[in-house]
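So the protein sequences, as listed, match chains F and C. Under numbering that gives the first Met the number 0, think of the first position of the first sequence as 0, with each following residue one higher. Under numbering that gives the first Met the number 0, think of the first position of the second sequence as 0, with each following residue one higher.
None of the hints are false.
Quick list of the computed label-pair ranges, beta carbon to beta carbon: (1) Lys-122/F / Arg-105/C: 18 to 28 Å; (2) Leu-28/F / Ala-73/C: 44 to 54 Å; (3) Met-216/F / Ile-238/C: 46 to 56 Å; (4) Val-71/C / Arg-220/F: 34 to 44 Å.
Sample of chain F residues lacking proximity to chain C, with all beta carbon distances greater than 12 Å (derived): (5) Leu-28; (6) Arg-58; (7) Ala-61; (8) Leu-62; (9) Ile-112; (10) Ile-205; (11) Glu-218.
In short, the hints are calculated from the structure, not lab data. Idealized CB from N, CA, C, for every residue including glycine.
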Amino acid sequence: MIEIIQKYWLLLLIGQYPHGPLGGLAMTLIIALTVLVISMPLAIAIALARTSGIAWLGRPLALLVSLVRGLPFLMFVFWVYFGVPALFGISLGGTTTMIVALTIYEAAYISEIVRAGIEAIPKGQIEAAHALGVRYGVRTLRIVLPQALFNMLPSLITQFASIVKETSIGYIISAQELTFAATQANNLEITKPAAVFGVLAAGYYILCGGIAGIAKMLERRILQQRQRAAAAEFVPLAAAVRT
Amino acid sequence: MIRFSEVSKFYGALPALRGVSGEVGAGEVTVVCGPSGSGKSTLIRTVNRLEPINSGQILIGGRDIHERGWSVNALRSGVGFVFQSFGLFQHLNALDNVTLALRHVRGLPRKEAEALGLAQLERLGLAERARQMPSALSGGQQQRVAIARALVMKPAVLLLDEPTSALDPEMVGEVLRAIEALAADGLTMMCVTHEMGFAQRVADRIWFMERGELKADATTEQFFKGEAGARAREFLKQI
Chain F
0 MIEIIQKYWL
10 LLLIGQYPHG
20 PLGGLAMTLI
30 IALTVLVISM
40 PLAIAIALAR
50 TSGIAWLGRP
60 LALLVSLVRG
70 LPFLMFVFWV
80 YFGVPALFGI
90 SLGGTTTMIV
100 ALTIYEAAYI
110 SEIVRAGIEA
120 IPKGQIEAAH
130 ALGVRYGVRT
140 LRIVLPQALF
150 NMLPSLITQF
160 ASIVKETSIG
170 YIISAQELTF
180 AATQANNLEI
190 TKPAAVFGVL
200 AAGYYILCGG
210 IAGIAKMLER
220 RILQQRQRAA
230 AAEFVPLAAA
240 VRT
Chain C
0 MIRFSEVSKF
10 YGALPALRGV
20 SGEVGAGEVT
30 VVCGPSGSGK
40 STLIRTVNRL
50 EPINSGQILI
60 GGRDIHERGW
70 SVNALRSGVG
80 FVFQSFGLFQ
90 HLNALDNVTL
100 ALRHVRGLPR
110 KEAEALGLAQ
120 LERLGLAERA
130 RQMPSALSGG
140 QQQRVAIARA
150 LVMKPAVLLL
160 DEPTSALDPE
170 MVGEVLRAIE
180 ALAADGLTMM
190 CVTHEMGFAQ
200 RVADRIWFME
210 RGELKADATT
220 EQFFKGEAGA
230 RAREFLKQI
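Required output: the full structure, derived from the provided sequences and hints.
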């Protein structure tokens, strides 16, 4: 495995760049980050629409989210890869296809995380905001989202690890990413698939394990903070049931 | 100041308020009491439209709260409301809790809002707590921050919904003292509470409610002398 790393580290890191397209781990991270950056605002918009109480806005989106979550990710890759050229007459490259497919898929998943975060904000705070005459936009931007996103940070980071892993599907449609670079190395070596894919697995594990570790650490911190807040906001049961 | 005329409210088929009529005078403190589920909280929540009503009319300063051209947010920003469970924004410190509506409802610049917020916190004995997060404050302090947050908007009326029910006994006194000081300043208040000692000291009038009806509307003296009807007398005995 050391030999494979010594021989192909640059290929695994940046693909054939600068003699060919950028690829490898660099492209994996670029795809994952791009997807995160585009899908986050989409997810927040979906989550806000679904918690808005406006049925004609929330219901179709709920259906869409359940549809996306109920289908395998590979379907989306194929739909974008084959469907977009058939419908619009334009051909997206492998990388763009991956970004588009992953963005649709992740926006649905992340919207569920954000929705859970929004719904976990204590009702008393929302009511207090109503009572102060704070309008929807301010309530959302200043009260709801800062708390929801902060509480959801560990889940969002874990989701980023999942995006990184999903980029490996890009290999099927020749997106130049880490798995694609590893198969190129494997094709050159021919006889050492175990070593090549062992290095690939280790690479993903270190990256995603590191991300998961950060998420865990944050989760612990947030939990401590929440426990402090809950202790301070403790309402004796007898008082809570009185009307 | 606040006039209820035949106000009724139903939860489905269940009546919560049945034809409540009464008036809270300017500068008066009205304590609303009664057994659990009698509609006390519902009644004061109708004043700033936290609870919609099914029939009747509520006027504040002669203006119908459902008047066209008086938006619900404009109405609410002029009516202070203090909740049983404080409802402080947990991600904001005490001062930011107090200034949020000044800045984002009234549109005051941060500096001006903070000066007003600090003055209000100081009035409630919380000047040195201004930069602390709600989680670092005691229940009594949190409730006083919530009162400051309502008062800083200079409301025409302050509504308090069991402001001490969620507090440990040793913190009830500090919150009641704060409310008493406001009453002495002439603020119009409606307060739902079970603290009858406090009611006797502070209230101008006592409203006794039962099963959604306003059964008695008496001066504090009449009420505690037992001149507000048989049911009110029984209720007083039980407390």
